[in-house]
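Asks: Sequence:
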Amino acid sequence: MKTIANPHAMFFENVFSRLDIAADFIKNYLPDHIIKDLNLSTVQLERKSFINNQLKGSQSDLLYKIKTIDNKFLFIYILLEHKSYIDRWVLFQLLGYIVQIGDRERMVNKVKEKKREETKPIIDLK
Numbered sequence: 000m001k002t003i004a005n006p007h008a009m010f011f012e013n014v015f016s017r018l019d020i021a022a023d024f025i026k027n028y029l030p031d032h033i034i035k036d037l038n039l040s041t042v043q044l045e046r047k048s049f050i051n052n053q054l055k056g057s058q059s060d061l062l063y064k065i066k067t068i069d070n071k072f073l074f075i076y077i078l079l080e081h082k083s084y085i086d087r088w089v090l091f092q093l094l095g096y097i098v099q100i101g102d103r104e105r106m107v108n109k110v111k112e113k114k115r116e117e118t119k120p121i122i123d124l125k
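Okay, so the sequence shown: first residue is 0 according to numbering that gives the first Met the number 0, each after it adds one.
The reader is advised that the hints may include incorrect statements.
Using 30 Å as the maximum straight-line C-alpha spacing, the simulated DSSO-like pairs for lysine-lysine come out as follows [said to hold, decoys possible]: (1) 109 - 64; (2) 35 - 71; (3) 26 - 66; (4) 66 - 35; (5) 82 - 26; (6) 71 - 109; (7) 26 - 64; (8) 26 - 71; (9) 64 - 82; (10) 109 - 66; (11) 82 - 109.
Keep in mind the hints are simulated off the structure, nothing from the lab.
Model the full structure from these sequences, guided by the hints.
Replies: Quick look at the structure:
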C-alpha cells in the first residue's frame, strides 16, 4: 500500500476547501461580536499559500475572503501546524504570514490601479 505524504495537511486542505465547512468553522470559532458583522454566505477561498517550501510538510494554511454585513471584505487566515514542541517564536511566524497577505493585497490593488481602498483586516485563527 502506498504511503500518503502529509496526510494531516491533505485532510485539512480537502475538508476546509469546502466552503460550507469553512463557514461553519468560522461561525463556531470566532466570537459572537465578530460573527454578527460577517455575511457567512460570502466565504471565498483564496488559493495562495504563505508557507515556505521547507515548512510545507509540517504546516498547512488557507486564506478566506469574506464580506461583512456592510459589504466590505476582510481576510480570515487559518494555519494548521504540526509541532511536537512549544515554539516561542510562533507569534513572529504568524506576523510574517500576515505581512505576506498584506503585501499580496497591496500588489493586487496596485496592479488594478483602483482608487484607494481601505486596508482589509486579517484575522488569524490560531
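Asks: For each hint, tell me whether it holds in the structure or not.
Replies: Verification of the hints:
1. 109 - 64: 18 Å, holds
2. 35 - 71: Holds, because 14 Å separates the two Cα atoms, which is no more than 30 Å.
3. 26 - 66: 14 Å, holds
4. 66 - 35: Cα-Cα ~12 Å, so holds.
5. 82 - 26: Holds, at about 26 Å.
6. 71 - 109: Holds: residue 71 and residue 109 sit about 18 Å apart, inside 30 Å.
7. 26 - 64: With a Cα-Cα distance of about 14 Å, the restraint between residue 26 and residue 64 holds, given a limit of 30 Å.
8. 26 - 71: Distance ~18 Å between residue 26 and residue 71 Cα, so the pair holds.
9. 64 - 82: Answer holds: residue 64 to residue 82 is near 27 Å, not above 30 Å.
10. 109 - 66: 21 Å, holds
11. 82 - 109: 37 Å, violated
In terms of the numbered hints stated before, the structure departs from hint 11 and from no other.
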